[in-house]
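Visitor: The chain contents come next:
Protein chains: 2
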Amino acid sequence: MTNLTRRNLLAGTAGATVAAVLRFDTSVKAATPPAGRQAPGWYRYKIGTIEITVATDGVARFKMAEDHVTNIKLDAVNAALAEVFMEKDMMTTPYNPIAVNTGSKLAVIDTGTGDSNYKKSGGVGGQFVTNLSAAGIDRTAVDTVIISHYHGDHINGLLMDDNSLSYPKAEILVPAIEHTFWMDDGEMGRASPGRMQSNFKNVRRVFNLEVMKRVKTYEWDKEVLPGVIAQGTPGHTPGHTSFVIASGGNSVYVQSDVTHVPFLFARHPDWHAFYDQDGAKAEATRRKVYDMLVVEKLRVQGFHYPFPSLAHIEKYGTGYREIPVIWNPTI
Amino acid sequence: MTNLTRRNLLAGTAGATVAAVLRFDTSVKAATPPAGRQAPGWYRYKIGTIEITVATDGVARFKMAEDHVTNIKLDAVNAALAEVFMEKDMMTTPYNPIAVNTGSKLAVIDTGTGDSNYKKSGGVGGQFVTNLSAAGIDRTAVDTVIISHYHGDHINGLLMDDNSLSYPKAEILVPAIEHTFWMDDGEMGRASPGRMQSNFKNVRRVFNLEVMKRVKTYEWDKEVLPGVIAQGTPGHTPGHTSFVIASGGNSVYVQSDVTHVPFLFARHPDWHAFYDQDGAKAEATRRKVYDMLVVEKLRVQGFHYPFPSLAHIEKYGTGYREIPVIWNPTI
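So the sequences go chain by chain: A and B. If you're matching positions, the first sequence starts at 249 in the numbering used here and goes up one per residue. If you're matching positions, the second sequence starts at 249 in the numbering used here and goes up one per residue.
Heads up, a few of these hints could be off.
Any copy will do: because identical chains look the same in the list, a pair fits if it lies in one copy or spans two.
Below, a list of computed lysine-lysine pairs in the DSS-like style, where the Cα atoms sit at most 30 angstroms apart [to be verified]:
id: 1; residue 1: LYS545; residue 2: LYS321
id: 2; residue 1: LYS321; residue 2: LYS563
id: 3; residue 1: LYS367; residue 2: LYS563
id: 4; residue 1: LYS367; residue 2: LYS294
Simulated from the structure, these hints should not be mistaken for laboratory data.
The following block holds chain A by itself, in its conformation from the complex:
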C-alpha cells in the first residue's frame, strides 16, 4: 500500500495529478449535468400502530455570540465543536419537527421556522411543509398541531408567508402554562430587553391573529393525542413540554428542546444555552430526562438533533452522547 497522507494524494503520487485532470474537466462535460439538488429530508418509522414522519425544516448557520453558552467561555465551546469536526465560532442548528399519524389523528408536533424563512434563508431553512409534502403529507390534511413551547423556530411555521394558516383545518394545541406566561402583559413588562422582549413580541405577532382564535390549551401528564402524553420539562421556557409516544409496547421520547444541539448540550448537560430561559432549571430537567433515557434505553427524537434526529443515549464523560439509530430502508 502506498503512502496514505492526503498531501501525497492531492499531489498525485502516480500518473496525472488531480489538478491536471480538473483542468481537463473544464472542457469536457458529462452527458448528465450535476443534479444540484438535495434529497427532500424526511424519514419514517413506526411506534406500534403510530406512524411518525420526521421532516426537516432545514438548518440555520451563524457566527456564535460570546455568550451563546452563557456559563462557558467560547474557547471551551470551540473545543467541543472541534471534537465533532465542526467549524470554530460557527453554529449549525438543525430544526426537525415531526408528523404523527395515530390512526385517528394526523398531527404535527412543532412547526419549524416557517414558510417565510424559506426565502429569507435562501432555502436552507423553512423547508418543513415542502418536505412533509414530499413525504406524502399535505399540510391541509393535518388535523392537529401540537406546540411544545413558544420560541420562534417552533411556532413561526404555524403561518405561511402571507400570514394564512399553514394547517388550515387543524386544531392548535398549546401548553397551558406556556400560553399563560407569554400572553401575560405583566410578564412581558418585567422581561429584560433584547431576546426576551423580542420573543414576547413574536409570540403576540403570531397568537394575536384573528385566525388563532382556534388555539386550545392542553395540560401536562395527559394525552394530547391517542398514544401521545405531554410531559412538563420546564426550564428552557416555563411551559416547555416533551412528549412520550407509545403504542404496542414500543415508545419514543420527543424531547423538544430539553437539549439544544446534542453535540454541545447532551455532551455537556451543565452548559446553559443562550436559549434556556432558566439555565439551572433547564439543566436539572435535562439531567433528569437524560438519566431516564439511559436507564430506560428509550430512543429520543430531538428537534435540534441532526436529521433524522432519532437516537439512543449513552453516558459519556461527564454527560451523555447520542447514538443515531441506523437508517431503515423500509418502515
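Since chain A is already given, all that's left is putting chain B on it; use the hints.
Guide: Coordinates of chain B only, in the frame set by chain A:
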C-alpha cells in the same frame, strides 16, 4: 415534573391510559391513512466541483453465525451490539454505493446487491437503481462503473434481474489484481469450500457473461476518473480498492470495505470479519487507513456505514469511532 420512568408512562400517570386510547383508535380513523412507505434513501454533497450522490441499496438483517467475527467469541460481539442498542445475535448490514459526477463523467462506485435481490429480500435490499433514479440519476445515463472488489454485494448490481446490464452504456472498470485473482482457475482450485468457493462461482457467473466483454482493468495509485484516485487496500480481498475523491482543496475517502459495519469493526479494528479473506492483512490495512483518517481529519464514505454513510473518525478506546456528518438540507 412527574415521574419519568417508562413504566409509569405506559401505565398512564394521569387521565386515559395509552391502552384505553388505542382501543378507541380501532374505531375512528384519520382522514389521512398512514403513508406506509419510507423515503427514497439518497443524499448528495460536493467535493469541490465533483457531485457525490449516496443512494442506499438497503440493508440485510440476519442471525449471526458463531464465527461471524472469526477471532472473537459471539458473546463479545453481542456486548458490542448492546453498546449501540442493537439486537443480540442479529446483524444489520447497510449497503451504500455512490454515484460520482465529475463534470466529465457520471460514474457509480460499486453496485449493491442487485435488482434480483429486491424481490428476494422483500424490498429491504436491492434498492440502489431505484434510489439513484429518485435522486435524478437514470441508470442508462451512467457512463462508468467502478468496482472496488469482487464480493457479491459490490458486483451483483452490475446485472438486472434478467441478466441484462444495469448500466448498459457504461464502461466497467475493475481492479487488475482483483480480476486476476478471482478469474484464475488455479486460485479457484486451491480455495476452501464454502464461502470462498461460492464467491468464485458468483464472480464467474457475473464476469463470464458475454456482455461483460466490456470490462477493463485499472491499476492502483492512478486516477480511474478525473479527481478519483484508486488506492490499494488489500486484505479484505487481494485486490480490494479504496478511492480518494479530491477537488478544489476538498476530499473524501471512499473506504469500500476497509471496515465492515463501523459499530463493530472501526471500534474494534483487531476483529476479523468472516468476510475478510486475509484477516491479519485486512487489520493492518484498516489500522493504517484509520490512523490516516484521524491524522488528516479526512471524511470517510463507508459502503457498510449506516446511510448516508459519511463520517469523520475519532480515536475511541482501543479503536476508532465514527462521527456522522450532519445532514445538509442543501448541497
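Visitor: Each hint: holds or not?
Guide: Evaluated hints:
1. LYS545 - LYS321: between (33 angstroms within a copy, 25 angstroms between copies)
2. LYS321 - LYS563: Both. Shortest intra-copy (24 angstroms) and inter-copy (26 angstroms) distances satisfy the 30 angstroms Cα cut-off.
3. LYS367 - LYS563: neither (40 angstroms within a copy, 41 angstroms between copies)
4. LYS367 - LYS294: between (33 angstroms within a copy, 23 angstroms between copies)
Hint 3 from the list above is the single one not met by this structure.
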